[in-house]
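First to last, the sequence lines map onto chains D and R.
Here my numbering is used: position 202 in the first sequence is 203, and no number is missing along the way.
Here my numbering is used: position 2 in the second sequence is 101, and no number is missing along the way.
Worth flagging that the hints you see were computed from the coordinates, not collected in a lab.
Check before you lean on any hint, since a few could be wrong.
If you anchor each label on the Cβ, the simulated ranges turn out as follows [stated by the list, open to error]:
1. E347/R - G208/D: 26 to 32 Å
2. A113/D - E347/R: 55 to 61 Å
3. G208/D - A325/R: 49 to 55 Å
4. P329/R - K195/D: 40 to 46 Å
5. V126/R - V9/D: 25 to 31 Å
6. G192/R - I24/D: 56 to 62 Å
7. L357/D - L136/R: 35 to 41 Å
8. Y148/R - V329/D: 58 to 64 Å
9. Y191/R - G208/D: 52 to 58 Å
10. P311/D - K114/R: 33 to 39 Å
11. V9/D - F133/R: 46 to 52 Å
12. K195/D - K114/R: 14 to 20 Å
Restricting the straight-line Cα-Cα distance to at most 20 Å, the calculated cross-link-like pairs of lysine to aspartate or glutamate (EDC-like) are [claimed, not checked]:
13. K103/R - E247/D
14. K111/R - E221/D
15. K152/R - E238/D
16. K114/R - E238/D
17. K13/D - D245/R
18. K123/R - D291/D
19. K13/D - D122/R
20. K114/R - E194/D
21. K219/R - E263/R
22. K195/D - D113/R
23. K269/D - E356/D
24. K114/R - D267/D
25. K123/R - D19/D
26. K195/D - D156/R
27. K111/R - D244/D
28. K317/D - E356/D
29. K103/R - D291/D
30. K114/R - D349/D
31. K195/D - E317/R
32. K269/D - E194/D
33. K15/D - D122/R
34. K103/R - E194/D
35. K111/R - D349/D
36. K103/R - E238/D
37. K248/D - D340/R
38. K103/R - D225/D
39. K195/D - D116/R
40. K39/D - D156/R
In this text, a Cβ means the ideal position worked out from N, Cα and C, and glycines have one as well.
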Amino acid sequence: MGHQYQAVQWNKNKVVYDLYMIISLVVFIGLFMVIGLKTYPSGHTAEPVGLMIRALGSAAFSMLTIVLMIGPLARLSPRFNPFLYNRRHLGVTTFLVSFLHFVLALMWYHAAGPLNPFVSLFVSNPLYDSIPGFPFEILGLAALIVLFLMAATSHDFWLNNLSAPVWKALHMLIYPAYAILILHITLGALYTEKSIVYAVLTLGAFGLVAMLHLTAGFREWRTDSGLRHLKKKGWVEIGSPLDIPEKRAVIAPLPGGERVAVFRYDGKIAAITNVCRHQNGPLGEGRVIDSCIVCPWHGWQYSPEDGISPPPFTEKVATYNVRIENGVILIDPKANKPGARVEPAIIDPVSIDEELAS
Amino acid sequence: MSLKPGVLNPSKNDKHDMFVGWDKVPVVDRRFLFGALPLALLGTSGASYAIAKNVSDPGAGARLTTAPHSVTGVLVHAPYPMIRVADAASVYGLRSMLIIAQGKCNTGYDFSETQGHAVKADGVIVQRKNRQLLEVPPFVGDWISDSQDLPADQISTLSSPTEESLGRAQLAGTIMDTKCFFGVMRPGRGKTHKACASLCIRGGIPPSFWARTKDGRETVLLMTDAEGGPVPLDILPLVADPVTAEGEIIRVGDLLQFRADVNAYRRI
Ligand code: FES
């Protein structure tokens, strides 16, 4: 299954993405250090290592917040799709920054003492039975482990080898991890530092992520509830082929709960599942480019006739039988096997001419 | 004829070219990114600025690493290893410098046999206001040697400084290791520093009690047990938390000591 895997399939957009990410990160850390060291007069200056631990922790939390904002933002507007495209590099970098935060904190606060640093991490604050006194370090470690698992399995190789549902479930762990991270901050930094700014920023980040998810979720729910009154039996009526713009698709729910993406291209109609093989991207929001359906999320391609990715790729998605009767597209709600070839329905050329004329 | 109700038409909301990762970026997305990317950078930089700007004052501590320091004085073994040096600037005429080792441990060396000896010691000075510590290598070596430079009468004043009881008091404050709090960690206090402080105290760095009076003045007292000996490790769970305890305050030379039983400490 799958094609030959490379570490990263580079292209110009990914390079620009990563460059922008690294510049932002350097600016974040650099500014943090300069301001942190300059805020108090000499004699009261913060120790740079301790400050760097804070800078890295703050950067990692900000990055994870952004990672979590991108998903719902892209659901709300396709203008955010470019942020989605290379999100995994942002995710992996978030892990790397968190890891540095962990290593420095371990060395700074736990090493060179009478205990093994890893033992110290677990026993130096023994207040496991207290809520405010709870060793916040352990919470950070738990979140770091999740970030590690996700970064380690972020590559498409793992997506294929773990199978999509397992991979998805694993990557949903990011939400509990984010919640744990907020506790890590609340019981650590917020508990120690008294400035209200920290509480406002942490709460604000959490609020933003929650609000975006709720908004995107509500939108989805509203469209879903609009779909309920569709006919439940036999072939599903979609509508006139002329209502689908050339090289685009409409999306229709099927009795079984799946969604089908019905594409119009080159005077033909073809239907495949709406769910991208990669990460469940909405194929029906994609386009037909160079006679291939292109997923709007990461640009995976499928041939409209058989749902197979063009060589060298071998991914397959399910196709649906389609015909046009009395100017109405009909879809057989029973999906074909992924990769099964289906003859596209031909749109009556006369009607296309009329469409062009008007 | 139009689309059946319930059929979604994404092209209604998005008429533009689609961004495809491996392709040229469409004009709409280019325009959007042109505005969004600088805004995002402004947002993250703003967060960075706000977080760094609001870090609380690390305190007046410092680790004076610029020059190696050589001090000559009298070696004291209990309750914690220290060197007492003559200091004309002090109202007590002397200054007690706790000896601490590099890292989070104290020197494993037993000073009881050299108690009262005049010595010359080299190390790094850790200073918070008028309090000083001498940070030395973890093992006894070249850094300490007997000194002939001190006159006998000075040795005797430094060996037995005046002890004065200032009475019993109920103090509220925080237990911290002297080393970090005096200037090594900056900030060397609070919950984020709890593990480190507890590790240092476990390693033999003398604990101190950072008490604040009601009007906000801070006093740092060297902690001992009720008999004036080193504090037992039972104190560790209470380190860095706000606590209160009743005990006796004693001045030994220039150093304030807080003598309290380890069971007298209560978390607030
Ligand atoms: S979901 Fe990633 S390309 Fe479709």
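How the hints compare with the structure:
As the Cβ distance of E347/R to G208/D is approximately 51 Å, the hint placing it in 26 to 32 Å is violated. About 34 Å separates the C-beta atoms of A113/D and E347/R, a value inconsistent with the hinted range of 55 to 61 Å. Hint check: G208/D to A325/R, Cβ distance near 51 Å, so the stated range 49 to 55 Å holds. At about 32 Å, the CB distance of P329/R to K195/D disagrees with the hint of 40 to 46 Å.
For the pair V126/R and V9/D, the supplied restraint of 25 to 31 Å holds, since their beta-carbon distance comes to about 27 Å. Evaluation of the 56 to 62 Å hint for G192/R and I24/D yields a pass: the beta carbon distance comes to about 59 Å. L357/D and L136/R have their C-beta atoms about 40 Å apart, which keeps the hinted 35 to 41 Å range intact. For Y148/R and V329/D, the Cβ-Cβ distance of about 60 Å falls inside the hinted range of 58 to 64 Å, so the restraint holds.
The given range of 52 to 58 Å is respected by Y191/R and G208/D, whose C-beta atoms sit roughly 56 Å from each other. Distance hint for P311/D and K114/R: a CB-CB separation of about 27 Å, inconsistent with the stated range 33 to 39 Å. Checked against the given bound of 46 to 52 Å, the beta carbons of V9/D and F133/R, roughly 26 Å apart, lie outside it. Taking the beta carbon of each, K195/D and K114/R are about 52 Å apart, not inside 14 to 20 Å as hinted.
In summary, the hint linking K103/R to E247/D is supported, as the alpha carbons are separated by about 18 Å, within the 20 Å threshold. Distance check on the hinted pair: K111/R and E221/D sit about 16 Å apart at the alpha-carbon level, within 20 Å; holds. Note on K152/R and E238/D: the hinted pairing is violated, with a Cα-Cα distance of about 61 Å set against a maximum of 20 Å. Between K114/R and E238/D the alpha-carbon distance is near 24 Å, which puts this suggested pair outside the 20 Å criterion.
Using a Cα cut-off of 20 Å, the hinted pair K13/D and D245/R is violated, with the two alpha carbons roughly 70 Å apart. With a C-alpha separation of about 14 Å, the suggested pairing of K123/R with D291/D holds against the 20 Å cut-off. Taking the CA atoms of K13/D and D122/R, the gap is near 9 Å; set against the 20 Å cutoff, the hint holds. Pair hint K114/R plus E194/D does not hold up; C-alpha atoms about 49 Å apart against a cutoff of 20 Å.
The suggested pairing of K219/R with E263/R is violated, with an alpha-carbon distance near 28 Å, which exceeds 20 Å. At roughly 47 Å between alpha-carbon atoms, K195/D and D113/R are farther apart than 20 Å, so this suggested pair is violated. Restraint check for K269/D and E356/D: satisfied, since their Cα atoms lie roughly 15 Å apart, inside the 20 Å limit. For the hint linking K114/R to D267/D, the alpha-carbon distance of about 19 Å falls within 20 Å, and the restraint holds.
Between the alpha carbons of K123/R and D19/D the distance comes to roughly 17 Å, so the proposed pair stays at or under 20 Å and holds. Pair hint K195/D plus D156/R holds up; C-alpha atoms about 11 Å apart against a cutoff of 20 Å. Pair hint K111/R plus D244/D holds up; C-alpha atoms about 10 Å apart against a cutoff of 20 Å. A hinted pair counts as satisfied when its Cα atoms are at most 20 Å apart, and K317/D with E356/D does not qualify at roughly 34 Å.
Simply put, K103/R and D291/D have alpha-carbon atoms about 29 Å apart, too far for the 20 Å limit, and the pair is violated. At most 20 Å may separate the alpha-carbon atoms for a hinted pair to count; K114/R and D349/D exceed this at roughly 25 Å. Proposed proximity of K195/D and E317/R is supported: the alpha carbons are some 18 Å apart, at most 20 Å. Annotation: proposed proximity of K269/D to E194/D is violated, straight-line Cα distance about 64 Å (limit 20 Å).
The suggested pairing of K15/D with D122/R holds, with an alpha-carbon distance near 11 Å, which does not exceed 20 Å. Between K103/R and E194/D, the direct Cα distance comes to roughly 58 Å. Violation of the 20 Å bound is thereby established for this hinted pair. Our distance criterion of 20 Å between C-alpha atoms is broken by K111/R and D349/D, whose separation comes to about 24 Å. Taking the CA atoms of K103/R and E238/D, the gap is near 7 Å; set against the 20 Å cutoff, the hint holds.
For the hint pairing K248/D with D340/R, the CA-to-CA distance comes to about 66 Å; that exceeds 20 Å, so the pair is violated. With a CA separation close to 15 Å, the supplied pair K103/R and D225/D stays within the 20 Å bound. At most 20 Å may separate the alpha-carbon atoms for a hinted pair to count; K195/D and D116/R exceed this at roughly 49 Å. With a C-alpha separation of about 11 Å, the suggested pairing of K39/D with D156/R holds against the 20 Å cut-off.
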